[in-house]
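Student: Here is how the chains run, residue by residue.
Protein chains: 2
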Amino acid sequence: MSPLLLVLHDAMFKKKESDSRPFDTPEELYPKVIIAGFGRFGQIVGRILRAKKIAFTALEANQTQVDFLRRFGNQVFYGDASRLEMLRAAHAENAEVFVLAIDDVEASVRTAELIHKHFPHLKIFARARNRQHAFRLMDLDVRYTIRETLVSSLEMSEKVLETLGLSKSNAVETVRRFRAHDEVTMAKQQAVKDDESKFLQTTRESAEQLLHLFETDAAENLEREAKRRVANS
Amino acid sequence: MSPLLLVLHDAMFKKKESDSRPFDTPEELYPKVIIAGFGRFGQIVGRILRAKKIAFTALEANQTQVDFLRRFGNQVFYGDASRLEMLRAAHAENAEVFVLAIDDVEASVRTAELIHKHFPHLKIFARARNRQHAFRLMDLDVRYTIRETLVSSLEMSEKVLETLGLSKSNAVETVRRFRAHDEVTMAKQQAVKDDESKFLQTTRESAEQLLHLFETDAAENLEREAKRRVANS
Numbered sequence: 001m002s003p004l005l006l007v008l009h010d011a012m013f014k015k016k017e018s019d020s021r022p023f024d025t026p027e028e029l030y031p032k033v034i035i036a037g038f039g040r041f042g043q044i045v046g047r048i049l050r051a052k053k054i055a056f057t058a059l060e061a062n063q064t065q066v067d068f069l070r071r072f073g074n075q076v077f078y079g080d081a082s083r084l085e086m087l088r089a090a091h092a093e094n095a096e097v098f099v100l101a102i103d104d105v106e107a108s109v110r111t112a113e114l115i116h117k118h119f120p121h122l123k124i125f126a127r128a129r130n131r132q133h134a135f136r137l138m139d140l141d142v143r144y145t146i147r148e149t150l151v152s153s154l155e156m157s158e159k160v161l162e163t164l165g166l167s168k169s170n171a172v173e174t175v176r177r178f179r180a181h182d183e184v185t186m187a188k189q190q191a192v193k194d195d196e197s198k199f200l201q202t203t204r205e206s207a208e209q210l211l212h213l214f215e216t217d218a219a220e221n222l223e224r225e226a227k228r229r230v231a232n233s
Numbered sequence: 234m235s236p237l238l239l240v241l242h243d244a245m246f247k248k249k250e251s252d253s254r255p256f257d258t259p260e261e262l263y264p265k266v267i268i269a270g271f272g273r274f275g276q277i278v279g280r281i282l283r284a285k286k287i288a289f290t291a292l293e294a295n296q297t298q299v300d301f302l303r304r305f306g307n308q309v310f311y312g313d314a315s316r317l318e319m320l321r322a323a324h325a326e327n328a329e330v331f332v333l334a335i336d337d338v339e340a341s342v343r344t345a346e347l348i349h350k351h352f353p354h355l356k357i358f359a360r361a362r363n364r365q366h367a368f369r370l371m372d373l374d375v376r377y378t379i380r381e382t383l384v385s386s387l388e389m390s391e392k393v394l395e396t397l398g399l400s401k402s403n404a405v406e407t408v409r410r411f412r413a414h415d416e417v418t419m420a421k422q423q424a425v426k427d428d429e430s431k432f433l434q435t436t437r438e439s440a441e442q443l444l445h446l447f448e449t450d451a452a453e454n455l456e457r458e459a460k461r462r463v464a465n466s
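Quick mapping for you: the protein sequence lines, in order, are chains F and U.
Take the first sequence: its position 50, counting from 1, is numbered 50 in this note's numbering, and each next residue is one higher.
If you count the second sequence from 1, you need to add 233 to reach this note's numbering.
These are computed hints drawn from the structure, not numbers from a lab.
Treat the numbers as computed from the prediction; the structure is a model and nothing was measured.
Accuracy of the hints is not assured; some may be wrong.
[Said to hold, decoys possible] A few chain U residues facing chain F, derived, Cβ under 8 angstroms:
| # | residue |
| --- | --- |
| 1 | R273 |
| 2 | V278 |
| 3 | I287 |
| 4 | L383 |
| 5 | V384 |
| 6 | L387 |
| 7 | V393 |
| 8 | V405 |
| 9 | T407 |
| 10 | K426 |
| 11 | L444 |
Note that the Cβ used here is the ideal one computed from N, Cα and C, for glycine as well.
Start from the sequences, fold in the hints, and give me the full structure.
Tutor: Given below as structure tokens:
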């Protein structure tokens, strides 16, 4: 065999001769998870995956941020995920989950558009700045979006309610119900988001429904309490 | 009686004559809650309080944002909470809870300083942009701080872990444990935050501990599984 053929032969068969387990498939060579945007949000997801020894590829478009992160021992690549060649270099075709944690709204939407067009198999988990950003992502079939400050503000609300004298269970239930109502509102707003007057109307109606939701609740509680008293009298 | 005295007399005694309940005290005239910063974060707290019919005073320093919010039926005052006269006008001395939801770090810290000095009785619930911001607030005895994107990123992490094949309980427990570890790390970092090399060291050690935490866990699981098999064999 010529030297070149020998090298090829080695590359193709040597491993199999010395080790009975099969070659790694290309899919196994690349992380299943890509995290685009490694700021405050993406880093938390990355740290949790690392703790569970789940490999990921992190992309961050800010060079200063990349240098800073590497000083803390992070493995992160300098690259703009809203460019197709970068997504290809990160082996998006072999990944399964795409964490879209870019804070800039336009870059985030551009990235979601690229994935929608070129890598529709990817499951996108998207950070949204606000409602409007979430609507644009939902238009691109992103099924999981979360508003970046929402859950912290809900948690604080729960603590404020408790401090004001509500029981823990009442505070928890209030916030749970508020959130469920807010998700329904999001879906309604999504449907009329391009019509300003309808959007305003939907928002006002939703606020009224919210008040009514808790009023009905208060009435039910009173009724239950009255029945309890009658039963005990 | 002269007309002026009659008016004064009416104001002082008429209500008591026609209604046996006592006058409202000044404390009852003002909301117990002040929300400073009525953006994405403060609005959620405000909407939840309104749903529970708990009065609050909202202050927002961005005029465009104030006009926008009023169109949606919000009651919000145009004012800069990082100025003492504004806090006085909002009757901070009669409030109990102060929701510090200003997104600008410097304005947020200035407001916390004013409250620390002039209204130390207020219970502050503070939104923090990041760790460094949280440290500065903690230095001012703010007992409740929450990083604004933390809880949304934790929730997304949980969903990512589930999508990658972890059981729901494993995903929930992983995130719960990560967060507890992160809170311990915050306290350690706070102590060395002005010494860069110690801060880096603490951060690295904390990342190693985190890995170890989950490794021990995996070993324990294996051991438990082995015992279970022996017991069933």
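Student: Taking the hints in turn, state whether each one holds.
Tutor: Each hint tested on the structure:
For U/R273, the suggested interface contact is upheld, since its CB lies about 5 angstroms from the closest CB of chain F, less than 8 angstroms. Hint status for U/V278: holds, given a least beta-carbon distance of 5 angstroms to chain F, under 8 angstroms. With 8 angstroms as the threshold, the beta carbon of U/I287 comes within range of chain F, its nearest partner Cβ sitting at about 6 angstroms, so the hint holds. Because the closest C-beta pair between U/L383 and chain F is about 6 angstroms apart, less than 8 angstroms, the hint holds.
With its C-beta approaching chain F no nearer than about 4 angstroms, U/V384 sits inside the 8 angstroms limit, and its interface hint holds. The beta carbon of U/L387 is positioned within 8 angstroms of a beta carbon in chain F (closest approach about 6 angstroms), and the interface hint is therefore held. With a least beta-carbon distance of about 6 angstroms to chain F, the hint placing U/V393 at the interface is held under the 8 angstroms criterion. Look at U/V405: its Cβ only gets to about 12 angstroms from chain F, farther than 8 angstroms, so that hint breaks.
At a threshold of 8 angstroms, the smallest CB-CB gap from U/T407 to chain F is about 6 angstroms, leaving the interface hint in force. Interface hint status for U/K426: violated, as the beta-carbon distance to the closest one in chain F is roughly 15 angstroms, over 8 angstroms. Interface hint status for U/L444: upheld, as the beta-carbon distance to the closest one in chain F is roughly 6 angstroms, under 8 angstroms.
Hint compliance for this structure: hints 8 and 10 are broken, all remaining hints hold.
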